[in-house]
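Chains as they are written, first to last, in my numbering: chain X, -7 to 434; chain U, 2 to 255.
The hints are simulated quantities; they were obtained by calculation from the structure and are not laboratory data. Hints may contain errors.
[To be verified] So, partial list: chain X residues that the calculated Cβ filter (under 7 Å) puts toward chain U:
#1 F245
#2 S247
#3 R266
#4 G267
#5 P269
#6 S292
#7 S293
#8 M309
#9 G311
#10 D334
Glycine residues also receive a C-beta, built at the ideal position from the N, C-alpha and C atoms.
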Amino acid sequence: MPVKIACFLLLAFLGVQPSLLTQESSRVTLFPKPSEDLILAVGDVQAAPGSAGTELASALETFNRVLWDDLSFAGFFTIAGRGFYPPGPIVRPETDIDYEAWNAIPFKVSFLTVGTVSLSRNVLRAEVSVYDMKQRKRAFGKAYTGDPGQIRTMAHYWADEIVYQLTAGTSRGIASSRIAYVSRNGNAKEIHTMDYDGYNSRAFTHGGSLNLFPHWAPDNSKLAFVSYRPKPEITIYSYLDGSRLPFPMFHTFASSPAISPDGSEVIFALRTPRGDPDLFISRLDGSNRRNITNNPAIDSSPTWSPSGRQIAYISGMPGQVHICDSDGSNVRRIVKEGGDADGVAWSPDGKWLAFQWKPRLSPNYEIFVVDSAGGAIRQLTSGGGSNEYPTWAPDGRHLAFQSNRTGSWQIYTMLLEGTEPRRITHSGNNTSPSWSGYFRRD
Amino acid sequence: MKRSPVLFASTALLLLAVMISAPGCAKKVSPPPPAAEREEAVRETPAAPAPTITVTASPSAIEKGQSTTLSWRSTNATGVNITGGIGTVEESGSRTVSPGSSTTYTARATGPGGDAVAEARVTVSAPVAVTPPPSAAVSDAAFFEASIRDCFFDLDEYSINEDARRALIANARALAERPSLRVTIEGHCDERGSERYNLALGDRRANSARDFLISQGIDSSRIDTISYGEERPFCEEQNEECWQLNRRAHFVMR
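Kindly generate the complete structure, drawing on both the sequences and the hints.
Printed below as a string of structure tokens:
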């Protein structure tokens, strides 16, 4: 079976531990597997004719590594193992691609990505193309220019373009998306953002107080979070210019903001005069505030359905996953297993709720999904430690979460099936990931 | 975790306690030897005058670890000896001593005219961590430190259990006694719940404690609350003892 060979070699060349191979057989299948008809070969980009030097060599190496990681993590196609590629660099594809040699390898490659990079007067230029190996012609291509510091971004853009084209728009590609999270700095916690692979981390807040539970507006234009000023208040910032939007301060207890899919409203938990937090929805300026849940239990951690018509949230002690309509009606409990749940997150396609769950006295949570219409819960993580606060990538195929499996809290990403877990933060204490929407524009 | 205001307050309190419990230089003058003894001595050696001795300890009451000064003065003596590990000394002088427990120092003057004996008692107390009776002289910080206690919660609970009730009743009495005192109650949780849930639970705990104080007649304007959830643990080990310490309503002075 050519596909199996390709898969095996992919894993072998990535240096993946054998344990992952055995995990394959027990993986939960929630999505169609990567297309077995669509096999992608990822050829190395080469120095453009007349361009050379150590800085260019380093850029080429980075581009090739990042592109490979992006495409193999994308989860949409089978990546052909490098060991089968016919030898010889492909600089001028029209003459350098030896279709006969590609035809002779034991499986049929559908598409091949190739390209060149030049560096001139501190300007990097990447010209990249995908070739249709059946039609034996160029399928599509792009050119990117930037300064040498943007080489990773170029590779991410190209990976996203390939995903977008080869999935016929099913996904716009997550390689250029970002993840907001909380990073501890002594007694303070600050909001940071980073690329989806953990690179290019930047502090977003510098207040020196506690900033918690960031949440992206679905169009990435804003970040909502909880900030101690000096009590926990709902805080919304423009991600575009870094300005704070006016929003009322309650001077009591407010938590867990989430901006609606259409970007016009925010849901959050707020202490009521009765003393317990209920869920409220208001416009982004705080006006038109209305009570959504109204019961004496702790209600927290709301998440919008992609349509904006429903809310999933956590209620009770210990926490249970509930759903209601966005006017507060039609409340029902979704997860029947008891135990303790939090961090519920609605998938972009509306089909799944991801959440963290544990038996009541167990110290560790695991990440689960349940059909948003109810049903059995399915466990995704098993990597040790406590695994918490899942957040969906905009393609609905990946999740990020926090885990203390290595002893400190760090952010991880994985495919929805629980496979290919990647640790993307490496030092300090990092929690509460929120995955942005797509950054790539059509 | 910032605890320096608390440390400062307890140090101030300690100093205050020492000042209150330490009297001025109360000189203890030993009584003269009994008359019969003196008469007998006079009879036996009429030619030599009888010795005299006085001994004092200043201060006469100390805390364990502190020192005091023994001073003595003798007349007509050829030798002076003091008990309590001091031994033979000059006719008049002083020594710094630091007894570990209450001690009576006996000074004996010996001379041709006979012996004379005097005593000085040094009272040693355990270091005082105790509270002086509240009074206008005690600062709010010292009063707060001495009178206000944190209360603790059961797992996943914000209701006031029996122990918490006792602590809060005592806090309510103290707040009633000191109307100038204003407090913030911080709600804290152990790390086992989730962060978002714990932030809400900490808020409920702080407010349970606040509501209880209000039910005891304390004006609500004097009590503020804030939740820290599991963000500011008092103890970072993973065992029940530690978790219990972290499930608390922590009182701080405003």
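Hints violated by the structure (listed by number, smallest first): Result: hint 3 breaks, nothing else.
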